[in-house]
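Student: Use these hints to put chains B, C and D onto chain A, whose structure you have.
Below, each chain spelled out in residue letters.
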Amino acid sequence: MTADPAPPVKLVYFAWVRERVGMPDESVALPEGLATVADLIAWQRSRGEEYAHAFEHADIIRVALDKRHAPHGALIAGAREIAFFPPMTGG
Amino acid sequence: MTADPAPPVKLVYFAWVRERVGMPDESVALPEGLATVADLIAWQRSRGEEYAHAFEHADIIRVALDKRHAPHGALIAGAREIAFFPPMTGG
Amino acid sequence: MPPAATIRIQSEPFDVPAETARLTAGRADIGGIVAFTGLCRDEGGRLEALELEHYPGMAEEEIGRVAETALARWPLLGLTAIHRHGLIRPGEDIVLVIAASAHRRAAFEAADFMMDYLKTRAPFWKREHLIGGTKGPWVEARAEDDAAAARW
Amino acid sequence: MPPAATIRIQSEPFDVPAETARLTAGRADIGGIVAFTGLCRDEGGRLEALELEHYPGMAEEEIGRVAETALARWPLLGLTAIHRHGLIRPGEDIVLVIAASAHRRAAFEAADFMMDYLKTRAPFWKREHLIGGTKGPWVEARAEDDAAAARW
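Residue numbers (the numbering used here), protein chains in the order written: chain A, 1 to 91; chain B, 92 to 182; chain C, 183 to 334; chain D, 335 to 486.
Each hint should be verified, as a subset may be incorrect.
To be clear about the criterion: a stretch of chain B counts as covered by chain C if any three or more of its residues have a C-beta under 8 Å from a C-beta of chain C, and this derived list gives those stretches [to be verified]:
| # | stretch |
| --- | --- |
| 1 | 114-127 |
| 2 | 130-141 |
| 3 | 169-178 |
Calculated from the model, a selection of chain D residues having no Cβ within reach of chain C, i.e. all distances over 12 Å [what the hints assert, rightly or not]:
| # | residue |
| --- | --- |
| 4 | Ala339 |
| 5 | Arg356 |
| 6 | Arg455 |
| 7 | Lys469 |
| 8 | Pro471 |
| 9 | Glu474 |
If you're looking for bench data, these hints aren't it; they were derived computationally from the structure. Being a predicted model, the structure only gives us computed values, none of them experimental. Backbone N, C-alpha and C fix where the C-beta goes; we use that ideal spot for every residue, glycine too.
For reference, chain A alone in the conformation it holds in the complex (with noise of 0.2 Å):
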C-alpha cells in the first residue's frame, strides 16, 4: 500500500501579508516533508516573488493552524486552514 496523497490545505492570508500574496486565501497540496510552521514558511518564501516579499522577515510571521495560535515550531500535521499575519494591532 502507498500512503494516501495529503489532501489539500486551506492557506489564509491578512494585513499586509494578504497584500503582498495578492490573494486572501488558497488551497494547495503542501508538499512532502514539511513538519513545523518555520518549515512551511521556509516554502511559502521559495514560491515565487510575492511570497519572497510576504515571508521575507520570517520571525515576525504569526501563524494560526485551524484558529489558534502556533509558535514557530508547532507541528502542522492534520491543519486544514492554516493562517499567516503580522503581529496583530487591534484593540
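Tutor: This is chains B, C and D only, laid out in the frame that chain A set:
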C-alpha cells in the same frame, strides 16, 4: 499686655463618633496647653461618659483640621473647624 | 496643561453615558476611557439600603485633591468623580470615576488609583439598613483598602 | 459556576449603557463594574479613518479563550467584550470590555487583562486612512503591548 483668649473652635463629629458624642457639632473654647491632635483627643476623653465612649480607641479616630486630614501628631493651633470621625468607608 | 477634573457630591443618581459624553464631546484625541461604577449590593438579601453619611465641603475638597494628584501623575485628557450620599438601595449606583487618555494604561491606572484613594481618604461613611427596618452597624473599614491605596 | 461571557464582533457601533444594563439586570450582588472603551484617535488631525481587518471565526474564538481565562482567574459576575471591524472614524468606539464583580479589584484586573490580551492575541489589524483619501500604512505592533500582556 495679656494674651487674647483663644477664639472658640468648631468641633464636628461624623458616623458613630457623632452618635456616641450625641451631637453633630459644637463650639468650644479649648483649654490652654493642647498642642497636638493627640492632646485634643486625650482632652475629649476627659469630658464625660459620652466622650470617653466616642474616643475610647483613640488610635482609630481620624481627624481633619479645616477639612484636611491631619495625623495625630499635627499641631492644632489656628484650626477653626476640627472634625473627628471613624476610618472612611465610602466608594 | 492638564484638564480640570469634574467632582460632584450629590444625593441623586448619576448618568454614566452623559458623563462620558461630556468628556469626549468635540474631541478625537482620546484613545481609551475607563469608567468605574460602584454599586450597592444587597449582601445576600439582608440589606434594605445603605445610608451614606458624608462631610459636606471636605468631601469635594478631598476628592479634588486626589484628582489633582492623578492629573499630575498620568497624562489624562479627562477625569470625573461623582459620589452619592443619602439612602441608596441595592442595585443602585454609589460612585463613578471616569478617566480618559490617549493610551489605555494611563486611564486604567488613574481610575484604579482614584478608587483606592476615594475609599480611604474621601470622608464618607456607610451604614447598613437591614430588611425589616432595623438600622444595622456602620460598615467597618477594610485593611485591604488601606493595602490597595498603599500600592501607589 | 462562572457566568458566560458575551463576545461579539460587529461592524456597527455598540451601546455601552445597554451592554452594562444587560450585565446588571435583575441582580444586586454586583459591587463594581469596570468598562473600558477604546476609541479611534485622529492622530493630530491627519487621520480620516481606521480600517480594521479581522479573521472571521478566529476573532470570536480567540477572544472567547481570553475571556475563559479571565473567568477562571477572577471571581467575575459578568464579562462582555465587543470588537468592531471595518471603517471607523475618529471619535468612534472600536472596542468595549466590561467586567463586573462583587468587589472592585477583580473587575479592574480582569478588564485590564482582557484589553492586554485582546491587543496582542485577537486577530485584528489596523490600517490608517489619511485625510485626502490616501491609504496610509498598516499600524505596527508596539513592544509595550507585548510587555503589558506579559505582566499577567
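Student: Quick one: which hint numbers does this structure break? Sort them smallest to largest.
Tutor: 1 and 2
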